[in-house]
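Asker: Single-letter residue listing:
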Amino acid sequence: MSKNNDSNQFRKVDVDEYDENKFVDDEDNGESQVGPDEAEVDSLIRQGNLMEALQAVLKNPPINTKNQNDRAEALMLKVLSAFKSSDIEKAVQSLDKNGVDLLMKYIYKGFEKPSENSSATLLQWHEKALSAGGVGSIVRVLTARKTV
Amino acid sequence: MAYHSFLLEPISCHSWNKDRTQIALCPNNHDVHIYKKDGTKWTKIHELKEHNGQVTGIDWAPDSNSMPPSHLSRYRLGEVWKPTLVILRINRAARCVSWSPKENKFAVGSGSRLISICYFEQENDWWVCKHIKKPIRSTVLSLDWHPNNVLLAAGSCDFKCRVFSAYIKEVEEKPGPTVWGSKMPFGEVLFESGPSGVSGGAGEGAGGGWVHGVCFSHSGNRLAWTSHDSTVAIAEGGKTSTISSLSSETLPLLCVSFITENSLVAAGHDCYPVLFVYDGTKGSVTFGGKLDVPKQTSQRGISARERFQNLDRRATSSETTEQGLESLHKNSISQISVLEGGKSKCSTFCTTGMDGGMVTWDVKSLESALKDLKIV
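Protein sequences, first through last, are from chains G and B.
Sequential numbering from 1 applies to the first sequence in the UniProt record's numbering.
Sequential numbering from 1 applies to the second sequence in the UniProt record's numbering.
Worth flagging that the hints you see were computed from the coordinates, not collected in a lab.
We put the beta carbon where it would ideally sit given N, CA and C, even for glycine.
In silico lysine-lysine, DSBU-like type, Cα no more than 30 angstroms apart, as pairs:
{"no.": "1", "chain 1": "B", "residue 1": "K134", "chain 2": "B", "residue 2": "K183"}
{"no.": "2", "chain 1": "B", "residue 1": "K49", "chain 2": "B", "residue 2": "K330"}
{"no.": "3", "chain 1": "B", "residue 1": "K290", "chain 2": "G", "residue 2": "K128"}
{"no.": "4", "chain 1": "G", "residue 1": "K90", "chain 2": "B", "residue 2": "K290"}
{"no.": "5", "chain 1": "B", "residue 1": "K183", "chain 2": "B", "residue 2": "K102"}
{"no.": "6", "chain 1": "B", "residue 1": "K49", "chain 2": "B", "residue 2": "K18"}
{"no.": "7", "chain 1": "G", "residue 1": "K97", "chain 2": "B", "residue 2": "K282"}
{"no.": "8", "chain 1": "G", "residue 1": "K109", "chain 2": "G", "residue 2": "K97"}
{"no.": "9", "chain 1": "G", "residue 1": "K128", "chain 2": "B", "residue 2": "K330"}
{"no.": "10", "chain 1": "G", "residue 1": "K97", "chain 2": "B", "residue 2": "K290"}
{"no.": "11", "chain 1": "B", "residue 1": "K18", "chain 2": "B", "residue 2": "K36"}
{"no.": "12", "chain 1": "B", "residue 1": "K174", "chain 2": "B", "residue 2": "K102"}
{"no.": "13", "chain 1": "G", "residue 1": "K59", "chain 2": "G", "residue 2": "K78"}
{"no.": "14", "chain 1": "B", "residue 1": "K36", "chain 2": "B", "residue 2": "K330"}
{"no.": "15", "chain 1": "B", "residue 1": "K345", "chain 2": "B", "residue 2": "K330"}
{"no.": "16", "chain 1": "G", "residue 1": "K84", "chain 2": "G", "residue 2": "K59"}
{"no.": "17", "chain 1": "B", "residue 1": "K282", "chain 2": "G", "residue 2": "K59"}
{"no.": "18", "chain 1": "B", "residue 1": "K41", "chain 2": "B", "residue 2": "K330"}
Chain B residues, not near chain G, derived (Cβ > 12 angstroms throughout):
{"no.": "19", "residue": "K18"}
{"no.": "20", "residue": "D31"}
{"no.": "21", "residue": "W42"}
{"no.": "22", "residue": "T260"}
{"no.": "23", "residue": "Q309"}
{"no.": "24", "residue": "D362"}
{"no.": "25", "residue": "S365"}
Only some residues are given here: those of chain G computed to face chain B with a beta carbon under 8 angstroms:
{"no.": "26", "residue": "F23"}
{"no.": "27", "residue": "K97"}
{"no.": "28", "residue": "D101"}
{"no.": "29", "residue": "G133"}
{"no.": "30", "residue": "G134"}
{"no.": "31", "residue": "V135"}
{"no.": "32", "residue": "G136"}
{"no.": "33", "residue": "V139"}
{"no.": "34", "residue": "R140"}
{"no.": "35", "residue": "T143"}
{"no.": "36", "residue": "A144"}
{"no.": "37", "residue": "R145"}
Take these sequences, add in the hints, and give me the full structure.
Answerer: Now the structure itself:
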């Protein structure tokens with residue numbers, strides 16, 4: 001007769017790990033993607049040179065690495081909130097296509113962890129970035145394998 | 001542009017016969033319907049019911065009049081209006097099918113991460129298939145043959161577009177060298193797109209989404225593909241790794257076709273076809289224009305009452321009463337096929353979509369209607 005042998009550990013086994021056809025991403029992290037330079041960006045904000053600060057923070061995005069992503073995101077938020085509403089449009093125009101895509105990625109990352117007032121600024125940036133990049137830039141945020 | 005609505009269900013796939021008087025299509029179920037054109041009306045002349053799963057791809061071989069619809073239950077029926085069973089030896093759904101230019105073999109892309117190349121073996125009087133497995137790592141979504149009958153481009157869900165050699169020594173002689181390579185044993189990968197092959201900036205680049213549609217140009221020297229990250233890319237064979245891609249501002253494009261050596265038409269979730277122009281000397285792809293410009297409806301005045309009603313319902317007091325899409329197709333376009341002129345000088349092409357409708361587009365009238373549209 002069958003009897004329950006009282007062990008339910010088998011329910012915790014991740015069977016997907018043993019699938020020999022499992023799709024594994026081509027990992028190429030661990031590169032020297034250090035993330036934007038904090039000191040440089042801070043100084044540019046203090047000087048009031050906000051366009052330069054935006055360009056600087058968009059350089060060298062850290063891809064796929066955990067801690068640096070959060071630091072970069074916090075820095076990005078500082079820069080974006082430092083802009084006046086009327087200047088946002090000009091700033092977005094100054095970016096090239098890849099820059100707009102990267103900006104969109106940061107905006108959505110910022111939406112994930114709302115702090116007070118961040119969502120309002122991010123929404124304004126989102127509207128301007130959308131008119132520059134179109135729906136395609138949002139699709140690229142959704143399908144990107146390398147998260148920022 | 002003639003819009004014809006066949007049915008209410010989405011058209012999953014379609015294919016025309018050689019003189020373009022008959023069309024075979026699948027209304028998202030197990031059958032294939034064949035319609036014949038009578039003047040401006042279409043009448044259904046056949047219904048082929050031998051599949052027991054949803055039909056996912058149809059390709060009508062223009063000369064030999066046989067047609068293999070591929071479908072989800074792993075077999076494939078070739079019909080000269082009599083069904084022949086071909087066993088594909090795959091354990092997942094067959095996704096797309098395509099006859100080679102000389103019609104002596106056809107390729108089937110499937111969800112079991114491989115492509116089956118099937119050819120007819122004379123001595124046993126049946127269809128045999130060979131598999132291309134490496135290095136495909138996910139479902140093959142789309143296929144296109146090179147004009148030399150040997151090379152096959154495949155776009156798949158592992159974000160890459162590849163060119164394989166499908167040389168079968170039993171049915172053909174050794175092909176000459178092409179721009180994609182000269183040594184072509186069966187299953188050899190002659191080209192693979194992907195992040196490694198592109199000097200992308202900021203981590204973007206061709207290879208960020210499933211490759212939905214692939215198309216060789218008429219000469220076979222250029223390959224275009226569209227991907228789910230809203231990009232369209234063109235690679236030129238020979239010059240290693242020159243992939244030019246354009247990140248478009250529209251929703252992802254599902255199908256693409258060359259209409260001249262330098263222009264392509266693509267369509268997808270945005271419900272209208274768009275034109276892209278490729279500049280070979282600069283290696284760049286540019287957006288040529290939307291190909292579906294609706295006629296401007298006359299603006300009638302809007303009364304104050306309507307204005308407040310609009311504010312109530314839609315939070316804007318805008319004048320447009322048109323809520324829906326302004327394009328001819330009302331839902332995503334899933335397939336484009338060239339009707340006349342071939343891929344070098346196409347004069348008419350046809351699109352079918354999820355709205356059950358089929359539209360034939362005439363290139364000449366498009367060129368004259370949209371003034372700044374240039375098809376080079």
